[in-house]
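S.K.: Chain by chain, the residues run as shown.
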Amino acid sequence: MVDASLAPQAGYHRPSRAIRAETYKGSWLNERTALMLLTPATSLMGLLLIGPIVAVLLMSFTDYQLGAATWSFVGIANYADLWTDKVFWRALTNTLFYVGIVVPASVLLGLGIALLIEAGTTLRAFYRAVFFIPVMATLIAIAISWEYMLHPQFGLINLMLKAVGLPTYAWLAEPELALTTLAVIGVWQLFGFNMVLFLAGLVSIPKHLYEAAEMDGARSAWSRFRLVTWPMLGPVTMFVVLISAIRSFQVFDTVHVLTKGGPSKASEVLLYSMYTEGFEFFRSGLAAAIAVVFLAFVLVLTLIKSRLIERKVHF
Amino acid sequence: MPRVNAILAGFLRHAILLFLAVIVLLPFAWMISTSLKPQAEVFLSEIRWWPERLHVIENYRAAFEKAPLARFLLNGVIVTVSIFVLQVLIALPAAYALAKLRFWGRETVFALVLFCILIPPQAIAVPLFLLFHHIGILDSYAALILPFTISVFGIFLMRQFFMTVPDDLVDAARMDGISEYGIVWWVMLPTAIPAVTAFGIFSVVAHWNDYFWPLIAVNSKHLFTPPVGVATFRNEEAGTDYGPLMAAATIIITPLILVFLVAQRRFIEGITFTGMK
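Those protein sequence lines, which keep their order, are chains R and G. Numbering-wise, my numbering comes out as the position in the first sequence, counting from 1, plus 185. With my numbering, letter number 233 in the second sequence gets 225, and the count goes up by one each step, no holes.
Just so you know, not all the hints are guaranteed correct.
[What the hints assert, rightly or not] Below 30 Å or equal to it, Euclidean Cα-Cα: the simulated DSS-like pairs (lysine-lysine) are:
(1) R:Lys445 x G:Lys213
(2) R:Lys271 x R:Lys392
(3) G:Lys58 x R:Lys445
No wet-lab data here; the hints were simulated from the structure.
Based on the sequences and whatever the hints tell you, model everything.
M.R.: So, in structure tokens, the structure goes:
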């Protein structure tokens, strides 16, 4: 009876909704509503994102300096300057070196720890929370703690090395070590983020695949990893690699606080160069050219990442 | 035998994870330990975790006296909350329009949103700085907040979420005579609370910890956010007085960590959810 009394109502609703959807589609009212809802967002997008990105491209072809009376288009002069500038090349290769350490180390560490956490049932939430703390914690504040830990004479690291009879170093003051030390801090900060992405990936692997692999003779943990986990995690791993690369490309905080790009440009990176040119020397045109180079790298990585998401990476 | 193996494997798992956990927490532990020490015990050539003479009150009082830490924290709250509220106010209507309305130019607007997601914030810092310089709003709360009021990522995220909300819900609301604006706030928002929460966690963590833009946008001490404030404190101290400096760092770091520890599950889910988009 209940069904019967509801049926006509449902029957009455359905066509009317269809008609309404038809008339609603493309109606003048709809255009106006959409305009009203979208205007705040689109105008801010124009003012704060699209305008500035066009401006940074144009500025990179000018000699604009904040405070200078005049400016003019100088063609590719800024890029030509960068091409012959040793410091710029140093910044670029240093950034790539930093990315080259942080990405593999933080991905492998993130994966390894995720596997270890998932391998058992006890203390999972505890470990997950502990390894995630560096991701959350204000990097600047903890960088200051790192600085003191790395102090050549009184730092914890050197005191521990000395206690077991190993040689000690001026971690942030030696040109051969400074950038690698910053990269270690970068890994320390990033791997927990990769870990939670891998954990999400691991949880979504259907349990019956492991059972099937076991029935097919995959007895050891290693063969189960090789036959099931690794292939199933493949897309996630690609994604984590890209997102780590994008993040580590943006290294700036630790450089600015701990080394100022030194000693003797040993830890100069792209964003730090852009910052000093743009906001200390106010050579806006040159800073814009560095920003464009930075943008080009990040854009390529981000585009590959979006392509991956479109292909429906499963987590 | 398998039983013994299982116990051994479990033991090994905890041994490795605990060892790594200790390493990960070392900078925090050393920071807190140093914040308890008098200067004489900071400059020691031996490892001492617990000072012989506790200097807690002196160090923390010195930290508050040397730098307006409470002000930095308050600024952090003002800036992150304003950013999040404005992001939601601006992104939600746009996301609703893109997900549920059919209108001329919808594909173009959505393509622009996707394009803007690709822009890293540092790349546009120079023109934004010049724009703010020319309209005279540098060194103000507006300078700290305005660039992040538009979150294209938020629009994208919420649009994806709204796509999954059944059209019937929207139609029923229209039948009841609710305006389109009303639908956004009274129909769509309640269904989207989990996604908005995840986005909120992502947004607050990102902007509470942001250093690059506040460093550029403001130079008056009373406007410093926590990261810029603690970095300035460190530059002024220049490695002479680690006790108060570590006390300051501890104070700056604690609020977010506490919130995290209370709601760690939600935090990790939120960051994972937004991180995968």
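S.K.: Determine for every hint whether it applies to the structure shown.
M.R.: Going down the list of hints, with the structure as the test:
Straight-line distance between C-alpha atoms of Lys445 (chain R) and Lys213 (chain G) comes to about 21 Å, which keeps the hinted pair within the 30 Å bound. Restraint check: the Cα-Cα separation between Lys271 (chain R) and Lys392 (chain R) comes to about 54 Å, which exceeds 30 Å; the hinted pair is violated. Restraint check for Lys58 (chain G) and Lys445 (chain R): satisfied, since their Cα atoms lie roughly 24 Å apart, inside the 30 Å limit.
Of the hints listed earlier, the one the structure fails to meet is number 2.
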